[in-house]
Every structure is written in C-alpha cells, then in structure tokens.
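Asks: So the chains spell out like this:
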Amino acid sequence: MALGNKLDIDEKQVRRLADLLNENGLTEIEIEDGERRVKLSRQNGTVSHTGFAAPPVLASEPAVVVAVEGTSPAAAEPEGIADAVTSPMVGTVYIAPEPGSPPFVKVGDQVRGGQTLVIIEAMKVMNNLPSPRAGTVKEVLVRDGQPVEYGEALVVVA
Amino acid sequence: MALGNKLDIDEKQVRRLADLLNENGLTEIEIEDGERRVKLSRQNGTVSHTGFAAPPVLASEPAVVVAVEGTSPAAAEPEGIADAVTSPMVGTVYIAPEPGSPPFVKVGDQVRGGQTLVIIEAMKVMNNLPSPRAGTVKEVLVRDGQPVEYGEALVVVA
Amino acid sequence: MFEKILIANRGEIALRIHRACHEMGIKTVAVHSTADAEAMHVRLADESVCIGPPPSRDSYLSIPAIISAATITGADAIHPGVGFLSENATFASMVEEHGITFIGPKPQHIALMGDKVAARGAARELGLPVVPGSDGAVSSEKEALALSANIGFPLLIKAAAGGGGRGMKIAADEAALPEAFRMARNEARAAFDNDQVYMERYLGQPRHIEVQILADGHGNIVHLGERDCSLQRRHQKVLEEAPSPALNDTQCDEIGRTAVEAMKKLGYRSVGTIEFLYEEGEFFFIEMNTRLQVEHPVTEMITGVDLVREQIRAAAGSTLSVAQEDIAYMGHAMECRINAEHWRTFVPSPGRVKAYHAPGGVGVRVDSGLYAGYSVPPHYDSLVAKLVVHGLTREDCIMRLRRTLEEYVIDGIETTIPLHQRLAVTPAFMNGHYNIHWLEKFLAGLEG
Amino acid sequence: MFEKILIANRGEIALRIHRACHEMGIKTVAVHSTADAEAMHVRLADESVCIGPPPSRDSYLSIPAIISAATITGADAIHPGVGFLSENATFASMVEEHGITFIGPKPQHIALMGDKVAARGAARELGLPVVPGSDGAVSSEKEALALSANIGFPLLIKAAAGGGGRGMKIAADEAALPEAFRMARNEARAAFDNDQVYMERYLGQPRHIEVQILADGHGNIVHLGERDCSLQRRHQKVLEEAPSPALNDTQCDEIGRTAVEAMKKLGYRSVGTIEFLYEEGEFFFIEMNTRLQVEHPVTEMITGVDLVREQIRAAAGSTLSVAQEDIAYMGHAMECRINAEHWRTFVPSPGRVKAYHAPGGVGVRVDSGLYAGYSVPPHYDSLVAKLVVHGLTREDCIMRLRRTLEEYVIDGIETTIPLHQRLAVTPAFMNGHYNIHWLEKFLAGLEG
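Sequence order for the protein chains is A, B, C and D.
For the first sequence, the numbering used here begins at 1 and goes up steadily by one.
For the second sequence, the numbering used here begins at 159 and goes up steadily by one.
For the third sequence, the numbering used here begins at 317 and goes up steadily by one.
For the fourth sequence, the numbering used here begins at 765 and goes up steadily by one.
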C-alpha cells in the first residue's frame, strides 16, 4: 500500500466483520483483495468477557421503575453525574424551606460553599444539604417531596 | 472486482462461509481466487465457542480418560486430523487379519484406494475399512484391539 | 447391583439417569452423536463414546453402535431413557442376548403395548376400562338402540370406511339416535360408497390422566397415583401436574388399584404408565407406555419415590423399596416443559445459550442439560429443560411456579418460558378447569 | 397480609426472603449498599433503594437509612434476615414505633436473649437444661465433694480469677476430685494470688444440637426437630444436618417438648433457635437465636414447612398453619455452606464469577445469589451459596451430596466446594462420628 496515501478505512465494514466474528464465534477473519488485506482476529481468553460479564437477562422485566433506578450508575456510583451534589442519605427531598416558599436555589443562582441546596427528611428529621463548593446551579434534578436514594444526584453545582 | 481503494467484501459470502465452518466443525476455510483470498479460522479446542461459551469448569475432574476423549476434537469432528481415515462406527479395531499376523498396513506403505487398512469389530461382525484413496501411510494412530469411537482417527494416508 | 450403566439417550433425561446412577454409586457411560459432544451429561459421565453423526438413525437409533459401545466400555446394563429405543422390543431383546441387562420391561410387554390394536385388546382382557363401542358394524336402528344402552351417551356413529369427520354423527341421547344413525349411514354411503357404521362413546371434553406403575420382577407392583397431562398442544404435553385437580382421593385409589391389578395379571416389570381419557367420573384406556415418562418428576415430587432408582433396582433383581401402603402423597407438583421454541409461533430455536441461570430455593427442581455457552443442536427434540415445583397446596404450587418462572434466565435462544408465565396467571388453569382441547383454544386466543 | 415487605439484608438470605414474599403474593423492596447494586435479589425485587456506601455500618447497619427506605417505599413490614440488625432490639422497637411491622420476635425477647448472662438465667428459669455448676466459689474439699453429686463427672474446677487454662483441672470421678481441687486452688493462688475456684460439668466432646422453634402471637408454639451443627471451624458452622445422627426419636421429642414448654412460658413469637451442647444423652443450653437461622433449610427439607412463610404469617397476625401433631419428619437433609474462600487456607476470595452452574435434579435445593458475571464484593460475609440436599436416608443424602458437589460450577473465585467434596467421602463424617472439635482436627490433618 502506498505510503503517501491516507489509509482508507471503512469503519462500518470493519464493524460488520467484527460482528460476523462475534456472531459466529470465529477467531480470525482475513480478507485480501489485490494490494489490500483485512484481518480480524481475537485471542481466546479475551473473547470470554463478551457474554459472561453481562448480567443475565431476567425472564421477567422488573415490575417497577425504582428497581431499575436501583441498579443505575447513579446509585452504584455517587460520582456518576459530574458536578452533581448527591444525597448522603435515603429520605425525602424538599427544595424549599416550607410548602409554598421559594426554593432554596434555582438554576442560574450563584451559591456559596455551605449554602443550603435542599433539605432531606429522614426519620422525621430535616437535614440541610449544604453546597460542597461555590458555583452556579446548573440543574436541579429532583422534584419537591421526591424520595431519594443514597448517592442519588440532586443538584448540579459547577 | 476492486471498487477504487475500498476493500470489496461480500458479507453474505463470508457469512455463508462462517456457516459452512460451523456446520462442518472446521477450523479454517481459506479461499484464493487470483488476487482475492478469503480465510476464516477458529481455534482448535474451542471450536464452537466465542470464549464466554467455554464449557463450565466442572467442580470435579472427569474420572476417566475416555470421557475427555469423548469431547475431544477427534470425536466432535471426524475431519479433525487432516488426511486421517476415521472410524465409521463404534467398535474394536484390529490392525492385522489374525493375532500374530503382520498388520494390514504399516507406516511408509503405499496403499491403493480400496485396500484394507484395519478391521473394526462391532456386534461380533468384522468390518474391513478400505482406504478412501491411494497414498502413503503416514501414521497408524491405533493399537491392535483398541476400542474406537465413531469418527476417531485411525490411519493417516496422504 | 450394576457397576456401570450405559445411558442410551441424550438431553435432560440422560442427565437425569446419570444423576440416579451416581447417587447409587454406579459408573456411567454416555453415548452421543458428534452433535452432542459438549452435552452436559457427556461432560459429567465417567466415560463417553461417540456413536455416530447427528442424525438419530445413525446414532441414538443405531442398535449396533449402542451395543458395541456397551461392549467396549464393559457396561453391564443399558438404560434406554425415553423416546429413541426405549420402546423397541428388538433392541431390548438384543441387549439381553449380548449378556447386558436392559433396564426396562420384558421385551414381549414392550411389543404388546407397542401394537396399539393389540394393546387395546389386552387392556380389555386385563380389566382396564376401554371406550365402550359396538365392536363391529351396526346394521340397523334397532341394533343401534339395543347397543346404545351399554355404550352410553353421548355416542358417536362413525363410518367404518371413514375419515376426516365425514360419516360421523353424534347422538346426544336415545331420542336423537335414530336420526343420527340414518344420517351417518347416508353420509357414509355418499362419501365412501359403503354404509357400514360402528358406534362408540363420544368423549367431548376429556382430560388426559395417567397412572404411574412401578413393578419389580418378583410380583411386587404398586401405583404412585395419577398425573394430569391434559395441557397439550398437537398431542404434545406442555405442563403436567399431580394430583389431578379433577379427581378426588377415592377416584385416584380406584383407578390406581385397577391399574395394579391389570399389571399383576400381565406380570409387568419396571416402570410404566397407563394413559386414560377421563370424563365425568369414567376412565378410558388410551395406551400404555412401557418406559420412563418425561413427566415422571411430578410423581417423584409428591411421593418422594425416586422412580429411576427404583427402575434400576428392579432391573438388577432387587425388590421394590416401597409397598403400596408406604406411598403417601404430599402436596402438589407441576412440571413445565421448556422447549427451545418461540413461545407463540413454536418455531424451533436451536443455537447458542448466552446466559443460563436456573431458579433455586425451596420446592424447586430443574432437570436440564443447558449451560451458558452450550449450543442446542438442531437435530433433536426441542425439550431443553423441565422446571418442576412443589407446594403444600395447588395454590402454593402455582405461586411458586410464577416465582420460579420470573427467575429463570435462558438467553440466546427462544424458549416457551413466556407461554408458561401466561398460563400460570390464567384463571382456567388456576382453577384447574381444563381438558385436552383447552390449551389449543387458549393459544388461539392469545395476543402478540 | 402485608402488601409490601422491605428486606433489610443482602446475599442469599435476602433472596430467600424475596422468594417467600413473591410466593405469598407480597411485593418486595430490596435495600442495598452501592457495592450490591447488581445483586440478584436487587435485580429480582419489585423495588430497590440504595441505602449507603459499602461499609455495613453506613448501610446494612444504618437504622435511619433502612427505616427511611421503608417509609419512602411505603413498605408495611421489614424482614431483618440473619445477622446485621436481626437481633437488634432497638431496631425492632424503632421499626414498630414507625408504624411498620418488624418480622421477628418481641423486642424484649431479643434483648433478653442478646444478653448472654441474662439468657442463661432465663433459660434455667424456663426449665431449659444448663451446664450444672457450683453457682459461685467452692471453698473446701468437703463442699466440692458435696456439690459434685449434683454437678456430675467429669467435672471442671476453674479459677474464679482465671483464664488461659491456668488454675483449671479436670476431675474424672469422685476419687480424683480432692487432689484436682487442691491442685486447682494452688495453681490459682500462684497464678492470680486468689485461690477462689468454682466447678462445672466438663464437656469434652460435645455436639452442637439446636432446636427450631416456630410460634405465632396466639400461644401456638411448635418445634420442628433438631439440627446437628457440630461441624464448625472457628465457631462458624460449615455443614449442618437434620436429623442429628447422634439422637434417636425419643431424645428429639423430649428436647423439642422441653424447648416448646420454655417458649410457652416466655410467650415467644416468630421463629427462633435454641442451641445446646449435647454429650452422652444430656443437653446443655448455650444460647437462643431470636431470628431465622442460616441453616433453616435443612429443617424445611425434612418437615416440608416453609419457615420464612410461617414467620411472615406470624408477624401479620395469622396463626401457625401447622400444629405439633402435623409435623412429620421425612428423610434426611444436609446443607453445605459454600464460602468465597480458598478451601484449605480460608483466605477470602471476592471477585468476578466467570461461570456459574448450580446442580439440579431430584432432592436438591440451592440458595444463592451468584450468577455468571456477578462480582462478589469484598466487604461482607463470605457465604455465597447454600447447597441443600435431601434423601430418604442419611446414606442416600450423602450420595446425593457427592453427586451435586460433582456438578456445581463456580468459576473465577475460590470456594469451599473442594472441602465439602472431601468431607463427603470421609468415614467419620459418613458414620456421623463427629463432635464440635472434629472438623478442626480433620482440617489440620488434610494434605495439600
């Protein structure tokens, strides 16, 4: 192949070949056409992950959305959404000090570090959630009165 | 054939070849046609697996060697050993017409197509196994009186 | 007892037999076609022998291959499983002629029950109830009326030369008989140029109920109650249960006793199943299966008796380990046959199983050779798993069935699990109100 | 009955409870730490709530987190499982104060039995046999001899101030008592500058035998026989069985009746287990566990009673579904605790399970949250699966145990399956000749 020419790779084509490799459990596909040659191969051990790592597909769908949320990245990794302030506890979130009051913060607000973002009620105790940093409120991810899990993203401050 | 610089892949053709590979338990298909060459292969032991498909590791080891042989490529694919003449039935193989006689064939012999290579006894009937082709005996893979499975490689004639 | 048993079968039943053998300390030989080299029972067996290419006729139905495999491995008995050679009297005889024990009934009983006409005659002689009929052509209305008293109503008048429903009439009662008789004869004459007709009892909505028999070679014969296998599609059983929701204990005892008496007269040995149609309190012999039955686990679940173990013991000359008075029924059991088929279209779905996870917990039994990475071959029966659940009551059993069907993961191939999930929440099934025609109607009415 | 139960636990026991709930038509809420988001019971539950980071103190032991989770999901009851908060009286009280039912005993009984000194006193008052002793210092040989008649031999003389075996002597019989007494006092004086000693019966080779109790809140209390849990390593049970190979039916009935009488006096509710040391025909109270026990399945296997179901029913105010006379024991059951540990070194082995295949077939129950692709987190108990098998006899049960241990595939992590495989072929185990010290000696003698 001419060194001066840019290597012309048809990504779709390679992808299709890779699918073929996977679907048929092959270890290698090699295609030569004149000057051009394509070879796909896989080592034995690495292939093993494609299927195994995937959690089993359950015979029945989860019945309720919360169950799906429970296994979402947000729950598994509190740091899932960049710059989001996450809930340090399970409870009910309130975005205003009282029903009818204006919210603690709204999108566009400048907040100081330590300023209350929301309140989380747990065991009938109201817990202020302070902003961990100064910044601008980019997004409020929860509704007033919504139940939240540990680690759930609440407010984006950046 | 070649369309500009792009590699011309007939996906259907590859798929058909992959199916052929699968159906026949082959480890490799290579087709050359002038400038064009297509090669599909699979690793030997894991023929039918993409890896995650690796058979489970049993909690206990198989107790007897025959069990391992039963799942060997030789049993699974009669064509496993190139140029080997395989057993068309389950039975006991005899390499000589009678105890004490010289063997039907030995390594280095030239054989005609149709010439008896071994006898296989099944259900107390002696079955001559004729060579499917003329050639040289490269290897005799069985011992006199050995039990053989269907598809087991017996004599290499090339 | 045997040292080594060759299992002349494949799939879940081969695994079932392997398990019974190992639990008895008996070594196993798996025989398999090239398509089954990676099968679970082959992997678990102490020895395995490849006996031929994928087509059954050249492997699992090849008598020489199987007997040769037994000879070269030194097996002292062959278990035929279900299907394949399990009801082949010639095979049974040849096995015995080679000095190997056939784990099953005497060859003459296999032959007798394999001939469906002879079997019906034998059943009548043995005192098993058969569908009452005219036993030949009925030539006049008067004769028809006279015979009807013994046959009972509703009654079917069929053209002797008939087929396809032509020349076939149902008489609901005695008053309707003369006209039905005339019409059937006229239709028969028009259709077949032969107005001979015969009569038999018409069963409109029967259930399929079968009785499990267990017999040693020493005259000890017991029954283990009934199974209700009315949920069928194209004469294939889909879900079986025991006890039948339609029978009471007395009926169960009576038909069981009748079956045992018949088997004693016959001198039967090994496991066997006598199949009946049941309608409104009456049983009518269909056929006898002289082998283990796919649905045997439901009986094992409610009786605690290991049928394969008993079958092997009987073949080895041991006496039964249970007498009739020892057999107590506890709770309720159901078996779902899980096939590698699309659950609505029933198109077979062989191929690679990507993920496999069987349900666990209390009251659950799974008989399956599936595992993650296994490839279901396209050459054989589509049954790939039997999910069997037990509960103290039928309702508990259904709830457990639902719970386990939620948990069962078979990914990569289509299976009939979604069908069983729908069945398990359908009122007619939940109430036990079904007959042999019900499932086909249910399927026809399903959406999606 | 409850509409929705929150399961305040993880692993196989959470899955066990989920299964019981679904079989009763009750919805489930799984709570989990971030480490358990992919756990099987979380995947199967109707709802799930993440309650905290991996450390148990911030998740599974966090009372506010769990009660908040119950509140936001509207659960009407909480099942505490085993371990974690299951024997925390404060938690039980707080749950009830929040208007949620605690599925377990009354908080005061949890508190009573949680205090081991108080529990021993209570046991004595309730008529449970305790290790006989001097109940205080013994000041003279004469007093020692007088007391010894009630205590029995062999008899242990221990320094009141003692520890580490010093000032501790065993008297095999009355003749040996005076000298042993003098030596113990002398040693005590030399070692602790305090010659006060007390005496109690010496148990050299006891078995650990426990009685399963089931009680509703209406005065109905039954026992479900005993379990033998003598196979222990570092006070952790490894393999449990029922019935005990050391007891006969009469002994089982007697200790069961004694336990039921005690629980009636106490007014106990829910499931519970009374643990005893057993030696030469005598039982001695160790402690009572006021919760479900890990090894409860062996009792379920031989009685057919679903303990979790009964526990939930009792918490909901229902009466027991069985009376003492309904409880019959059928066959024999064993449970192997399969831990994610190397079978010889017992080094924990968390990590990804590459392949998983549970054994199936007749008489097998697997309680496990494992699946292929699941990652065993390093933060919790190493118990990952319980393999429970049933057989008509103890011998059948052992043979089935061996068969299932051959079939069980857990690849990617180390497990204790190889240990159980070796146990299952060891004569002392096969004969039932073991006590609480036997397993440690067996392990010390193992090669490899």
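Incorrect hints may appear among the rest.
What the hints assert, rightly or not - Calculated lysine to aspartate or glutamate pairs in the EDC-like style (CA-CA distance at most 16 Å, straight line):
#1 A:Lys124 x D:Glu860
#2 C:Lys343 x C:Glu319
#3 A:Lys106 x A:Asp144
#4 A:Lys138 x A:Glu98
#5 A:Lys124 x D:Glu861
#6 B:Lys282 x C:Glu413
#7 A:Lys124 x A:Glu98
#8 C:Lys343 x D:Glu1105
#9 C:Lys432 x C:Glu657
#10 D:Lys1001 x D:Glu1105
#11 C:Lys422 x C:Asp451
#12 B:Lys282 x C:Glu657
#13 C:Lys553 x C:Glu657
#14 C:Lys432 x C:Glu403
#15 B:Lys264 x B:Glu297
#16 D:Lys791 x C:Glu603
#17 D:Lys1001 x D:Glu1039
#18 C:Lys320 x C:Asp374
Since the hints were made in silico from the structure, they are not lab data.
Keep in mind that this is a model prediction, so the values were computed, not measured.
Asks: Against the 16 Å threshold, does the CA-CA distance of B:Lys282 and C:Glu657 hold or violate the hint?
Replies: violated, 42 Å
Asks: Can you confirm whether the C-alpha distance between A:Lys106 and A:Asp144 stays at or below 16 Å?
Replies: Status holds; Cα separation ~12 Å.
Asks: Holds or violated: are the alpha carbons of D:Lys1001 and D:Glu1039 at most 16 Å from each other?
Replies: holds, 13 Å
Asks: Hint check: C:Lys432 vs C:Glu403, CA-CA at most 16 Å. Holds or violated?
Replies: Cα-Cα ~13 Å, so holds.
Asks: Need the status of pair C:Lys320, C:Asp374: alpha-carbon distance at most 16 Å?
Replies: violated, 24 Å
Asks: Mind checking the alpha carbons of A:Lys124 and A:Glu98 for me, to see if they're no more than 16 Å apart?
Replies: Within the cut-off at roughly 15 Å; holds.
Asks: Mind checking the alpha carbons of A:Lys124 and D:Glu861 for me, to see if they're no more than 16 Å apart?
Replies: Distance ~12 Å between A:Lys124 and D:Glu861 Cα, so the pair holds.
Asks: Take a quick look at whether C:Lys422 and C:Asp451 sit within 16 Å of each other, Cα to Cα.
Replies: violated, 30 Å
Asks: Are A:Lys124 and D:Glu860 close enough, with their CA atoms no more than 16 Å apart?
Replies: holds, 15 Å
Asks: Tell me if the straight-line CA distance from C:Lys343 to D:Glu1105 falls inside 16 Å.
Replies: Between C:Lys343 and D:Glu1105 the Cα gap is close to 31 Å, so the pair fails against 16 Å, i.e. violated.
Asks: Assess, step by step, whether the Cα of D:Lys791 is no farther than 16 Å from the Cα of C:Glu603, and give holds or violated.
Replies: violated, 46 Å
Asks: When you check the alpha-carbon spacing of A:Lys138 and A:Glu98, does it fall within 16 Å?
Replies: With Cα atoms ~23 Å apart, A:Lys138 and A:Glu98 exceed 16 Å; violated.
Hints 4, 8, 9, 11, 12, 16 and 18, counting from the list given before, are not met by this structure.
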